[in-house]
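The chain contents come next:
Protein chains: 2
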Amino acid sequence: MISLPRDFAPSVDLYELTMVDAYLREGLTEPSVFSLFVRRLPQGRNFLVACGLEDALEALQNLSFPGESISYLSSLNLFSDSLLDWLRAFRFQGDVFAIPEGTCVFPDEPLLEVVAPLPQAQLVETLVMNQLHVPTVAASKAARMVLAAGARRLWDFGLRRTHGIDAGLKVARAAYLAGFDSTSNVLAGQRYGIPVVGTMAHSYVLAHGDELSAFRAFVRAFPTATLLVDTYDTLGGVRNVIRLAKELDKDFKVKGVRLDSGDLVVLAAKARQLLDSAGLTRVEIFASSGIDEKEILRFAEVQAPIAGFGVGASLAVSHDAPNLDMAYKLVAYAGQGRMKLSPEKENLPMQKQVFRVSRGSRTERDILASHEERLEGKPLLVQFLSAGRRLSPAVTLEGVRERVRSELAQLPEEIRSLDTPSRPFHVELSPKLAALRQRLASELSGRPLPSGDHT
Amino acid sequence: MISLPRDFAPSVDLYELTMVDAYLREGLTEPSVFSLFVRRLPQGRNFLVACGLEDALEALQNLSFPGESISYLSSLNLFSDSLLDWLRAFRFQGDVFAIPEGTCVFPDEPLLEVVAPLPQAQLVETLVMNQLHVPTVAASKAARMVLAAGARRLWDFGLRRTHGIDAGLKVARAAYLAGFDSTSNVLAGQRYGIPVVGTMAHSYVLAHGDELSAFRAFVRAFPTATLLVDTYDTLGGVRNVIRLAKELDKDFKVKGVRLDSGDLVVLAAKARQLLDSAGLTRVEIFASSGIDEKEILRFAEVQAPIAGFGVGASLAVSHDAPNLDMAYKLVAYAGQGRMKLSPEKENLPMQKQVFRVSRGSRTERDILASHEERLEGKPLLVQFLSAGRRLSPAVTLEGVRERVRSELAQLPEEIRSLDTPSRPFHVELSPKLAALRQRLASELSGRPLPSGDHT
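Keeping their order, the protein sequence lines are chains A and B. For the first sequence, counting from 1, position 77 maps to 68 in our numbering; every step adds exactly one. For the second sequence, counting from 1, position 319 maps to 310 in our numbering; every step adds exactly one.
Don't take every hint at face value.
Pairs count within a copy or across copies, as identical chains cannot be separated in the list.
[To be verified] Quick list of in silico lysine-lysine cross-link-like pairs, DSS-like style, CA-CA up to 25 angstroms:
no., residue 1, residue 2
1, Lys369, Lys241
2, Lys336, Lys423
3, Lys336, Lys285
4, Lys261, Lys336
5, Lys261, Lys246
6, Lys261, Lys244
7, Lys285, Lys261
Rather than coming from a laboratory, the hints here were simulated on the basis of the structure.
Build out the structure end to end from the sequences listed, making use of the hints.
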């Protein structure tokens, strides 16, 4: 499961290199802990689905600075020779603790923590964020569609709109993990084993000019195809499918029709009627064009006879929330807690653990605690790398899909809903972590922190 | 300028392969023309900046199906052997006409047209869209910031939020072409020669605990650094910079301070006052955190003493408009015009040219015409590939930057503005193209098209 091409290896921001250079000069190489978390949920979102860990771990293990990078960096006349030597020899040797892919997560909960000598942990800041960000964005968006769709199928049609090919792979994978059925992205099929799906484009019909001839030819090559019916007129297209069924009689094996424009609720109902009247009850109706979780829910509410959806832009870029307010912050150095006090950008000190407390089969609340605490509930953070080496084999996609399924099923009803809940999911600080935070903040600012963020 | 890693080569959607398979079986291999255009502007946008052509051309020229792809495709038990043979031997051999990078473009104008045998042109649909989409999204967003910023500098800090590393490179390049000054993305610096920039992170200050010690150490390594002052308290941080200046006296060469939280307008004014009172008039103030074109304009309007901005998420994902309604449609086959009639998804038939008409130094309107027409104004579409081979050398970044500068300067005042204009930029159809469209539509639907979309 190679996700980060070698060409992309030395992906860092410049300030990581300058800071590392300074750390090395100063001998600031003690163990540090960095915590990666999301500060707040995007508007209208009630939860996130952690995703991208496999890519992040692989990116960490592959991070290196080949000769051409070193030459380039040297040409900037900015860095010390000792930094360049250090980079030339660099292999990531830190420990990584993380919440497994497919777990529902909430603000302030560390998705991932890096425990490593300060220069190592600092160097990977941007890379780790970059690799966790878009998969988590996409999985969180896709999960909402999965919840809205119920038994209806979901197809990822996003590759043409994703931000590059890399994003296309990450989105296809994240959507499948969240519960999508398949993807149109052939490379994602090849790389991850995700089932691939496709129908036909308008250009196919246009190339033939006559729609019935186009359908006839396509079905000759792909008898069980799903036919796109809206090139000229949706119901006219459906009538051509019916004509074809009569022509082919027992050899007619078309699985479905796809509607891609117009009022899809109205057209689906009429198409269903036409197909049923012609005895084609087994031909399913699929819809695409402008599909997002709210549209999916609207179709479900009117019980539109739609078997599934092809989802493009809204998944591909998560159009209502294309980014998360994700941070990667130093929380401990040489065994001592660290926190910043910048307004609305505080962080919680020390390496952490998250305990998820359930009541019966319902997730009830989370407790954010110090790493060494042992509290009620299930600890979410697990160690994945030790001194840079993988502790467990890579996950299987089916394993993560199963985790998402069960995570979503266990969320409180209000949090699973597309509506804003009466109050957000409850995340509290352990008394120990709360006290530590309070003590550090007073030491730093000379005044107690306002309480109330976490109660 | 390698932009598409070889690992990403066979990026297609499944339906492209099934359609090509069917075309080959049917012998539908005559020349076709596909037109790539944006159907409508995102809300609140008045123009787009075409970008990504270099990546798209390179992706086309590199597209191939290595052995492992063929094995994978064969394992799907879906395709004919002749398709697999055809893919194995595939090299793109079409002609490509496009609007050069850095040109302002408007809805319905072809950013790119592919003229090739139908299977070739169909196969590259998703790849070409994917490669042009995010650069055009990013350049269009960045251009708005450039217009708002005037003389203030703009730094791309987006890599941690871009959708993958590939997107990080594309966004850094697009932003630089649109007029940004530099990027924090080291790989973009290495690959494209874009100037790189960086300050320092909160973690650097936190690792030292004491802010003044951190500043002292960082400046020892990087005397002309820009110091981040808001880790604990912004004005306290500025006072520490002033202390350091007194300590170092003539050796103090710090270029700037960066504010990253709080009310940046208020804090910039106070920071300026403190610095000026201490005689540090040459220390510039930079702002980051939540910066977008509207914030930039607000700073400009109150004449905030800010020399430049670090821009993250709003550029990285173009958060108000992360995707464009981009289409790639068959417009001619075997010399005959093609168009679809799906509601709100029509297209204009035949290969095209766009003529840009200016009055003095102001762009006035565009005329969408058939490819062979010769009308007033400057033709925008240029041939870049002939039978798959590049006709002109790759562009230089500085050349494209200069084009963007002049294009933005020539836009009508209302279109350059961040506000919605009283009417959109005027794009008209040539009488010949309008007549052709009307004739084709009536032939297809048996009724005349409603007029008025293009007048």
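Among all the numbered hints in the text so far, which are the ones the structure does not match? 1
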